[in-house]
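First to last, the sequence lines map onto chains G and C.
Residue 242 in my numbering sits at position 236 of the first sequence; the count goes up by one each step and never skips.
Residue 227 in my numbering sits at position 92 of the second sequence; the count goes up by one each step and never skips.
It is worth saying that the hints were derived from the structure and are not from the lab.
Don't take every hint at face value.
What the hints assert, rightly or not - Listed next, the in silico SDA-like pairs over lysine to any residue satisfying Cα-Cα at most 20 Å (straight line): (1) Lys263(C) <-> Glu153(C); (2) Lys319(C) <-> Glu284(C); (3) Lys488(G) <-> Arg152(C); (4) Lys218(G) <-> Ala291(G); (5) Lys261(C) <-> Gln334(C); (6) Lys491(G) <-> Arg502(G); (7) Lys261(C) <-> Thr337(C); (8) Lys261(C) <-> Glu160(C); (9) Lys491(G) <-> Thr476(G); (10) Lys348(G) <-> Tyr318(G); (11) Lys491(G) <-> Glu153(C); (12) Lys261(C) <-> Gly233(C); (13) Lys488(G) <-> Glu160(C); (14) Lys514(G) <-> Arg430(G); (15) Lys218(G) <-> Arg151(G); (16) Lys491(G) <-> Lys167(C); (17) Lys488(G) <-> Val162(C); (18) Lys488(G) <-> Lys332(C); (19) Lys332(C) <-> Val264(C); (20) Lys488(G) <-> Glu153(C); (21) Lys261(C) <-> Ser277(C); (22) Lys491(G) <-> Arg152(C); (23) Lys610(G) <-> Cys654(G); (24) Lys488(G) <-> Val467(G).
As the list claims (entries may be wrong) - A few chain G residues that don't get close to chain C, going by computed Cβ distances all over 12 Å: (25) Ala40; (26) Gly54; (27) Ala289; (28) Ile485; (29) Glu540; (30) Arg592.
Using N, Cα and C, we set each Cβ at its ideal position, and we do this for glycine too.
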Amino acid sequence: MTTGTIVQTEQGPRRIAVWLAIAAGAVMAAGVVALWYVIDQRAHEHAGSSTDHSIHMNELLIRQDAENRLLALDRLAYRSMRTGEPSQEDWEGDATRYLADMPGFVAIHWIDANVQTRWQVAGEQGGDTPFAVAEIAQVRNALERSRDSGARTFSDLFTDAQGNPCIAVIVPVLHHGDFEGVIAGFLHPNEWLESVIGRLQGIEHHVEIFLKDRPVYQHQVADDVADPHQSLSHDFSAGGLDWTVRITPTSSFLSTGHADSSSLVLIFGLLLSALTALAMYFAFAARDRSHQYHDIALQLETLFRNLPGMAYRRNDAPGTPMAFISEGCSALSGYPRSTFSKGDKDWLDLVHPDDRVRVVGGIQNSFGTGDAFEVEYRIINADGDIRWMRERGRAVASEVDHQTHLEGFVTDITGQRVAENEAREHREHLAHVDRLNMLGEMASGIAHEINQPLSAIALLVQASDHLVRTERYTRLSEILDKLSKHAHRASLVIDRVQKMAKRSASSKERVGCEELVRDVARLAEPEAGIRDIEISVETQAGLPDVSVDAVQIQQVVLNLLRNGMEAMQSIGCRNGNTIGLQARLRDDNTVEFAVIDKGCGVAKSSVDKLFAPFSTTKKSGMGMGLSISRAIVTAHGGQLDFRNNRDCGATFYFVLPAAEQREST
Amino acid sequence: MSQEQTVYIVDDDPDVRESFTILMETVGQSFKEYDSAQAFLGDYHEDMRGCLVLDIRMPRMSGLDLQDRLNDEGSLLPIIFITGHGDITLAVEAMRRGAIDFIRKPFHEQNLLDRINEALDLEDGKHKVLMDKRQLLDRFNSLSDRELEVLELVAQGKMSKVVADDLGISERTVEAHRSHIMHKLGIHTLAQLVRLKIQIETLSEAG
C-alpha cells in the first residue's frame with residue numbers, strides 16, 4: 007500500500023529531471039553550434055583570403071614577367087638598332103641567349119617592315135616548321151599596331167604549325183624614329199607561365215589561366231577534385247592582353263583549413279552536450295531519489311511509530327539478533343526499544359515458557375518453508391503481567407544481500423482474548439442453561455427411559471426371589487446376567503443425561519459423526535416415543551471425524567430434533583410421524599448434519615426472528631435454543647441454517663469442517 | 136371352570152416384557168405378551184379369562200385408549216396399569232374409568248404378583264357371577280310369551296284365578312303355566328320366583 011504511493015510521487019521529480027537534463031543539453035548544444043559557426047566562418051575567411059592572395063601573386067608575377075619579356079626583346083631591338091647593321095651572327099647569338107634564358111620562347115624573329123623574316127633563331131620547342139610570320143594574322147595585326155604606335159605589344163593567341171597555342175611578343179625596331187621592323191618572340195604560354203608562376207603553386211589551389219577566355223595554363227593538384235563553387239576568378243590586363251586567373255581551393259585545403267577541425271569540434275561538442283544532459287539527468291534523479299528516500303524514511307518512521315504493534319526483522323532464523331525492531335515494542339512489552347536493539351534481551355525471551363517451544367517451532371518451520379506464519383502466544387511484560395500477542399510474519403529473500411530474512415509484526419490481542427473468553431464463557435453459560443432447561447423438559451421421557459431397565463430389574467428380582475424361596479436355582483445365573491445388563495442400560499441413560507447436564511469448559515475432541523448422531527438419537531428417542539414420533543437416522547458410510555465439543559454439538563442436534571418433533575406434533579403428525587436425522591459429507595470436505603421434520607415448515611413471517619434469542623413460536627420454552635445452537639455451531643467454525651422442504655416441514659442443517667486426516671490412517 | 140386364567144401383558148419395552156416372561160414362567164403363571172395395544176386388540180375376544188397388565192404410555196395407542204376400547208366392548212378383564220414416574224394424573228383417570236389398580240414403575244413394591252393374583256381372583260369371582268346370571272337369563276329366555284305374561288302377573292301377587300280372568304284363560308291353564316315356569320327356572324316357591332324376577336329386572340336394567 008505504501009510503496010504504491012511512493013511510486014506515484016516518484017513520477018513528478020523524474021519528469022522534471024528529464025526536462026532539466028534536456029534543457030541543459032540543449033543550451034550546451036546551442037553553444038557548441040555557435041562556436042562551430044564562428045570557427046567555420048573564420049576558416050572560410052581564411053580560405054578566401056588565401057585564394058585572393060594567390061590570385062594577386064599570380065597576377066603580379068605574370069605582369070612583371072610580361073614586362074620583363076618586353077624589356078628583354080626591347081633590348082635586343084635596341085641593340086639591333088644601335089649597331090645599325092649588326093652582324094647576323096651577333097644577333098643570332100643574342101637571340102639564342104634570350105631563347106635559352108627565358109623559358110617559353112620557342113623562336114625569335116627579326117621581321118622587317120614588309121613582314122618578312124630577315125633573321126631568326128628557334129628553340130628546340132619551335133619545331134621544324136619555322137613561323138610563317140606573314141601568314142599569321144594575329145602577328146601581322148600586332149606588327150601593324152606596333153608600327154603605328156611604336157609601342158611594345160603582345161599578339162593575340164594563335165595556333166602554331168604544331169597545333170600549340172602560341173603568342174608573339176612584338177617589339178618595334180626604330181632607327182632614328184623610323185620604323186624598320188620588329189623583333190618578334192614566339193612564346194608557348196603554357197611553358198612560359200609554368201616557368202613564371204609554376205613555382206608559386208602549392209597543393210592548396212588549382213590554378214587556371216585564360217587568355218581571352220581560352221585556357222593557356224592549368225595547375226591541377228593531383229588526387230583532388232575541385233569544387234567549382236569555391237572558385238574565384240580575376241581579370242586583368244597585361245601587355246595589352248586580357249588575362250583571367252581562376253583559382254579553386256583544393257578540398258584538402260578546405261578541409262584542413264576548417265572542415266575537419268570544425269566538424270570535430272561540432273561532434274565532440276554535441277557528444278559533450280549529450281553527456282552533460284545525461285549527467286544532469288542522473289544528478290537530478292539521484293537528488294530526487296535521495297529526497298524520496300528521505301520522505302519514505304520519514305513516512306515509514308511515522309508509520310512504524312503509529313502502528314498498533316511492533317514490526318521487526320531478523321537477519322536470519324529465529325534466535326539471531328533482531329536487525330530492526332520498531333518503537334511499538336515498548337508499548338507491547340514495557341521494555342524500552344534499546345533493550346532489544348542493544349541485544350540485552352531478545353523478544354523470544356519474553357515468550358511464556360509454556361508457549362516458547364510452540365512459537366519458535368512455528369516460526370522455524372515457516373522459515374524453512376518460506377510460508378507465512380501466524381502464532382498467538384503469551385509474553386511476560388516488564389511488570390510481570392501476562393499479555394497475549396499475535397505474531398504474523400514470513401521469511402523474505404533479500405535482493406540486497408541474497409540472504410533470507412525474517413520479517414514479522416506483533417500485535418497485542420489481550421483485549422481481544424479477554425473479550426473472546428468472556429463471550430465464550432457467556433455462550434457456554436447460556437448453552438448450559440439451555441441444556442438444563444431442555445433436560446427439564448425432557449425429564450419425563452428420560453425418567454421413562456430409566457424406568458424401563460429398573461422395571462425389568464424389579465421383575466427379575468421378584469422372579470429370583472420366588473426361585474430362591476422354592477429352591478429352584480437353575481435359571482438364577484441367566485437372570486443375574488440380565489440384571490447386570492439392565493443396570494448397565496440404566497446407567498448409560500444417566501451418563502448421557504449427566505454429560506448434558508454438566509457445565510464444563512468446552513473442549514474439542516475428535517468424534518466420529520456416526521457415533522455423535524446415534525448418541526443424540528438415543529437421548530431423544532424416549533421423548534420421541536412419548537410424542538409417538540420415530541427418529542430415522544441415516545449416516546453416510548465413511549464419514550470423516552469432526553473435531554468438536556461433543557456435548558455442545560449433541561445439544562444442537564437435540565435442539566433441532568425437539569423443535570422438529572414439536573412442529574410435527576403441533577399439527578398432529580398429519581404429514582407423517584418420522585423425523586429424519588442425517589449426516590453426509592459435502593464436496594467442500596465439510597459434514598452436513600440435517601434434521602428433516604414433517605411439521606408445518608417455517609412461516610415467512612417468522613424467518614427473520616427465527617435465530618434471534620427469546621423469540622419463540624412455542625407455548626413453552628425460552629426461545630433460546632436456536633440462537634444458542636447457531637452460536638455453538640459458529641464457534642465450531644460451521645454454520646447453521648434451514649430450508650423449507652418441498653413437500654412439507656423444514657430441514658434444519660449445520661455444517662462442520664472435517665477434522666484433519668489422522669496421520670496414521 | 137371352562138378356561139384357564141391368563142395374564143395378558145402389554146408393554147412396548149422388550150426388556151420389560153422379557154422380564155415379565157421370566158417372572159411368569161418362574162411362578163408358573165399362564166401369560167401372553169403383546170408389544171402394543173393394537174396387537175392385543177387383534178387377539179381380543181370377549182371370552183378371554185385372566186387380567187391385563189397394561190403400560191399406560193405407549194406409542195400410537197396408549198393404555199388409556201385400549202381401556203376405552205375394552206370398556207366399549209364390555210370386557211370384564213380387570214386392568215392393572217403400569218405407570219411411570221409422572222403419570223399420577225393418568226393413573227387417576229384410569230382408575231376413574233374402572234381400572235382395578237395401578238402399580239408404579241419400577242415396581243418398588245414387591246407385590247406385583249400379589250396384585251396380579253388379586254386381580255385374577257376378582258376376575259374369577261366376577262366370572263362366576265356372570266356365569267350364574269347368564270344361566271339365569273338363559274332360563275328366563277326359555278319362557279314362552281304367555282308364560283312371561285303369567286310370570287309378570289303372578290309376581291305382582293295375583294291369585295291364579297285373577298290371572299286367569301285378566302288373561303281370559305282358564306284357571307287350570309294358569310296353574311299349568313305356573314308349574315312350567317317353576318320347572319324352567321328351577322325354583323319351587325313363590326318367594327323364590329319374586330326374588331328372581333327382581334334380579335332379572337336389575338340385570339336387564341344394567342345391560
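Consistency of the hints with the structure:
1. For the suggested pair Lys263(C) and Glu153(C), the alpha carbons sit about 32 Å apart, so the restraint of at most 20 Å is broken.
2. Pair hint Lys319(C) plus Glu284(C) holds up; C-alpha atoms about 15 Å apart against a cutoff of 20 Å.
3. Restraint check for Lys488(G) and Arg152(C): the C-alpha separation of about 13 Å stays at or below 20 Å, so the hint holds.
4. Distance check on the hinted pair: Lys218(G) and Ala291(G) sit about 72 Å apart at the alpha-carbon level, beyond 20 Å; violated.
5. At most 20 Å may separate the alpha-carbon atoms for a hinted pair to count; Lys261(C) and Gln334(C) meet this at roughly 16 Å.
6. Restraint check for Lys491(G) and Arg502(G): the C-alpha separation of about 17 Å stays at or below 20 Å, so the hint holds.
7. Restraint check for Lys261(C) and Thr337(C): satisfied, since their Cα atoms lie roughly 16 Å apart, inside the 20 Å limit.
8. Between Lys261(C) and Glu160(C) the CA atoms are separated by roughly 26 Å; this puts the pair beyond 20 Å, and the hint is violated.
9. The straight-line distance between the Cα atoms of Lys491(G) and Thr476(G) is roughly 25 Å, outside the 20 Å bound, and the hint therefore fails.
10. At most 20 Å may separate the alpha-carbon atoms for a hinted pair to count; Lys348(G) and Tyr318(G) meet this at roughly 14 Å.
11. A threshold of 20 Å between alpha carbons decides the hint, and for Lys491(G) with Glu153(C) the separation of about 13 Å falls inside it, so the pair holds.
12. Between Lys261(C) and Gly233(C) the CA atoms are separated by roughly 14 Å; this keeps the pair inside 20 Å, and the hint holds.
13. With a C-alpha separation of about 15 Å, the suggested pair Lys488(G) and Glu160(C) falls inside the 20 Å cut-off, and the hint holds.
14. Note on Lys514(G) and Arg430(G): the hinted pairing holds, with a Cα-Cα distance of about 14 Å set against a maximum of 20 Å.
15. At most 20 Å may separate the alpha-carbon atoms for a hinted pair to count; Lys218(G) and Arg151(G) meet this at roughly 18 Å.
16. As the CA atoms of Lys491(G) and Lys167(C) are separated by approximately 24 Å, the hinted pair breaks the 20 Å bound.
17. The straight-line distance between the Cα atoms of Lys488(G) and Val162(C) is roughly 18 Å, inside the 20 Å bound, and the hint therefore holds.
18. For the proposed pair Lys488(G) and Lys332(C), the alpha carbon gap of about 58 Å is over 20 Å, so the pair is violated.
19. Taking the CA atoms of Lys332(C) and Val264(C), the gap is about 17 Å. The hint holds against a cut of 20 Å.
20. Only pairs whose Cα atoms come within 20 Å are accepted, and Lys488(G) paired with Glu153(C) is accepted, the gap being roughly 10 Å.
21. In summary, the hint linking Lys261(C) to Ser277(C) is not supported, as the alpha carbons are separated by about 24 Å, beyond the 20 Å threshold.
22. In summary, the hint linking Lys491(G) to Arg152(C) is supported, as the alpha carbons are separated by about 15 Å, within the 20 Å threshold.
23. Simply put, Lys610(G) and Cys654(G) have alpha-carbon atoms about 14 Å apart, close enough for the 20 Å limit, and the pair holds.
24. A distance of roughly 10 Å separates the Cα atoms of Lys488(G) and Val467(G); the hinted pair therefore holds under the 20 Å criterion.
25. A cut-off of 12 Å between C-beta atoms confirms that Ala40(G) is not in contact with chain C; the least separation is 116 Å.
26. Listed as outside the interface, Gly54(G) is consistent with that label: its C-beta sits roughly 134 Å from the nearest C-beta of chain C, beyond the 12 Å cut-off.
27. For Ala289(G), the condition that its CB be more than 12 Å from all CB atoms of chain C holds, with the nearest at approximately 97 Å.
28. Annotated as non-interface, Ile485(G) brings its C-beta within 12 Å of a C-beta of chain C; the closest such distance is 6 Å.
29. With a minimum CB-CB distance of about 8 Å to chain C, Glu540(G) fails to clear the 12 Å threshold, and the non-interface call is violated.
30. With a least beta-carbon separation of about 34 Å from chain C, Arg592(G) lies farther than 12 Å from that chain, consistent with its non-interface assignment.
The structure fails hints 1, 4, 8, 9, 16, 18, 21, 28, 29 (numbered hints given earlier, in ascending order).
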